[in-house]
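*Asks:* Build the complex from these two chains, which are given one at a time in their own frames, with help from the hints.
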Amino acid sequence: SAVISQKPSRDICQRGTSLTIQCQVDSQVTMMFWYRQQPGQSLTLIATANQGSEATYESGFVIDKFPISRPNLTFSTLTVSNMSPEDSSIYLCSVQPRQWTYEQYFGPGTRLTVT
Amino acid sequence: AQTVTQSQPEMSVQEAETVTLSCTYDTSENNYYLFWYKQPPSRQMILVIRQEAYKQQNATENRFSVNFQKAAKSFSLKISDSQLGDTAMYFCAFMGFMIKAAGNKLTFGGGTRVLVKP
Chain A
72 SAVISQKPSR
82 DICQRGTSLT
92 IQCQVDSQVT
102 MMFWYRQQPG
112 QSLTLIATAN
122 QGSEATYESG
132 FVIDKFPISR
142 PNLTFSTLTV
152 SNMSPEDSSI
162 YLCSVQPRQW
172 TYEQYFGPGT
182 RLTVT
Chain B
7 AQTVTQSQPE
17 MSVQEAETVT
27 LSCTYDTSEN
37 NYYLFWYKQP
47 PSRQMILVIR
57 QEAYKQQNAT
67 ENRFSVNFQK
77 AAKSFSLKIS
87 DSQLGDTAMY
97 FCAFMGFMIK
107 AAGNKLTFGG
117 GTRVLVKP
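These protein sequences, in sequence, are chains A and B.
Numbered as in our numbering, the first sequence ends at 186 without a single skipped number.
Numbered as in our numbering, the second sequence ends at 124 without a single skipped number.
Just chain B, with the same shape it has in the complex (with noise of 0.2 Å):
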């Protein structure tokens, strides 16, 4: 079975400066897809960035970007010019390759909150 871990339960980071959230993963797979969800106090689970395990250049998606490294098994995200929206819980999450149309589930990490402060 996969397990997910994220190790920083809380994050502060001032506004306009730049915080790493890490994952790490387990898995005895070679392909599957990552992903880091944002879920505001609004409890609505919002996709960043998802990542191909296959894929060699890291991910990104504006300011969001991420370290992904196979060997090490270890999916980190990093937030750039932190804005106060950016305040919310972050959860990586892992998925293995599907090998059926009908699809994987997803296997959460245990969320790292993150604090913007203006």
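Bound-form chain A, shown alone (with noise of 0.2 Å):
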């Protein structure tokens, strides 16, 4: 497995700000994915980071609102933009650490609320 730690851990932001994400593996990984848990939900994918090239955006997440980047392999970051109260969520940050492998383990999350 991989030792994954995002910041920050939880925060407190007002409508209409922005927050970015970070999300940093102990070492080298393929892909990055971001994921939002809604309070009392299950996960939902954000997006896929690549490095190198534009993330994929999955139907319902525009890059405009949660732009994503990779700049390399062991890091990446998620922006929420223009926050509204119902972007409060857990935002989960996970990883592939191998190629051709199927295993994803995830960061601690954030928790974001906003008022």
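The hints are simulated quantities; they were obtained by calculation from the structure and are not laboratory data.
Predicted, not measured: the structure shown is a model, and the values here were computed from it.
Treat each hint with caution, since some may be false.
Calculated from the model, a selection of chain A residues having no Cβ within reach of chain B, i.e. all distances over 12 Å [stated by the list, open to error]:
| id | residue |
| --- | --- |
| 1 | K78 |
| 2 | L90 |
| 3 | T91 |
| 4 | D135 |
| 5 | P138 |
| 6 | S155 |
| 7 | E157 |
| 8 | S159 |
| 9 | S165 |
Some but not every residue of chain B turned toward chain A, in silico, with C-beta under 10 Å [said to hold, decoys possible]:
| id | residue |
| --- | --- |
| 10 | V19 |
| 11 | Y39 |
| 12 | Y43 |
| 13 | S48 |
| 14 | Q50 |
| 15 | M51 |
| 16 | E58 |
| 17 | G115 |
Beta-carbon label-pair distances, calculated as ranges [stated by the list, open to error]:
| id | chain 1 | residue 1 | chain 2 | residue 2 | range |
| --- | --- | --- | --- | --- | --- |
| 18 | B | R69 | A | E157 | 36 to 46 Å |
| 19 | B | N68 | A | P138 | 35 to 45 Å |
| 20 | B | E23 | A | P156 | 35 to 45 Å |
| 21 | A | E125 | B | T26 | 35 to 45 Å |
| 22 | A | P156 | B | Q20 | 33 to 43 Å |
| 23 | B | L90 | A | V74 | 24 to 34 Å |
| 24 | A | Q95 | B | Q20 | 33 to 43 Å |
| 25 | A | C84 | B | T24 | 38 to 48 Å |
| 26 | B | N37 | A | F132 | 24 to 34 Å |
| 27 | A | T88 | B | E23 | 41 to 51 Å |
| 28 | B | A77 | A | I83 | 47 to 57 Å |
Built from N, CA and C at the ideal position, the CB exists for glycine as well.
*Replies:* Structural data, given as structure tokens:
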């Protein structure tokens, strides 16, 4: 597996502002993913972050709202832009440590509250 | 599109006893992967067990085992000798077979909350 950290672990933000969440892995990984977990709900994939190319977004998620960066094989950021209370969720990054493997491991999550 | 259904929103079990969580899924694919993840109150998602659809043998990891019924599209998790630390949300997840090295997304069920009572 891989050791994954996220910053911040939690934050309270005002509507209309933006927050950037960082995901750091202790080893180079092929794929990184960003998920959202709304209160009391399951996880939903936002996008897949590819190093050196544009992120691939799932239906219902757009780049203007959730811009993603993947500057190298150990780091990614997710920005939640122009926030509203509906964006209050836990945001989790996950990694697929090795090419052609199917296991994903998750970071500890970022709990975001928008007031 | 794949869907994953967990029909039990909440279950409780006495310490040292056994509990079984159900999961069904819908897919047209023949090759795929199934997972159970545990999310304790700390919210850290922990991979508990995994099963490749092409393997007939059910996966086992210590006190955790699965009953994989491919024809029925069923993937239940059995927790034996339940411990207080097993209290958590449990999510069943599906991943389609990788068609490229880039990997595939996980589709999660709604989750089952397990409470282990002393």
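*Asks:* If a hint holds in the structure, say so; if it does not, say that too.
*Replies:* Hints, one by one, checked against the model:
1. K78: holds (15 Å)
2. L90: holds (17 Å)
3. T91: holds (20 Å)
4. D135: For D135 (chain A), whose nearest Cβ neighbour in chain B is about 21 Å away, the distance exceeds 12 Å, so it holds.
5. P138: Consistent with the label, P138 (chain A) stays out of reach of chain B, its closest Cβ about 19 Å off (over 12 Å).
6. S155: Holds: least Cβ distance 22 Å, greater than 12 Å.
7. E157: holds (19 Å)
8. S159: holds (14 Å)
9. S165: Violated, because the least Cβ-Cβ distance between S165 (chain A) and chain B comes to about 8 Å, which does not exceed 12 Å.
10. V19: At about 21 Å, which exceeds the 10 Å cut-off, the nearest Cβ of chain A leaves the hint on V19 (chain B) violated.
11. Y39: holds (5 Å)
12. Y43: Holds - the Cβ of Y43 (chain B) comes within 10 Å of chain A, reaching about 8 Å at its closest.
13. S48: Since the shortest Cβ distance to chain A is 7 Å, the answer is holds.
14. Q50: holds (5 Å)
15. M51: M51 (chain B) check passes; min Cβ-Cβ to chain A is 4 Å, inside 10 Å.
16. E58: holds (8 Å)
17. G115: Hint on G115 (chain B): holds, closest Cβ of chain A at ~6 Å, below 10 Å.
18. B:R69 / A:E157: 36 to 46 Å: holds (39 Å)
19. B:N68 / A:P138: 35 to 45 Å: holds (41 Å)
20. B:E23 / A:P156: 35 to 45 Å: holds (41 Å)
21. A:E125 / B:T26: 35 to 45 Å: For E125 (chain A) and T26 (chain B) the Cβ distance comes to about 43 Å; the hint holds.
22. A:P156 / B:Q20: 33 to 43 Å: holds (40 Å)
23. B:L90 / A:V74: 24 to 34 Å: Once the Cβ atoms are compared, 26 Å apart, the range 24 to 34 Å for V74 (chain A) and L90 (chain B) holds.
24. A:Q95 / B:Q20: 33 to 43 Å: For Q95 (chain A) and Q20 (chain B) the Cβ distance comes to about 41 Å; the hint holds.
25. A:C84 / B:T24: 38 to 48 Å: holds (44 Å)
26. B:N37 / A:F132: 24 to 34 Å: holds (27 Å)
27. A:T88 / B:E23: 41 to 51 Å: With Cβ atoms ~48 Å apart, the hint holds.
28. B:A77 / A:I83: 47 to 57 Å: Given range 47 to 57 Å: holds, Cβ gap about 49 Å.
In the structure shown, a violation is registered for the earlier hints numbered 9, 10, in ascending order.
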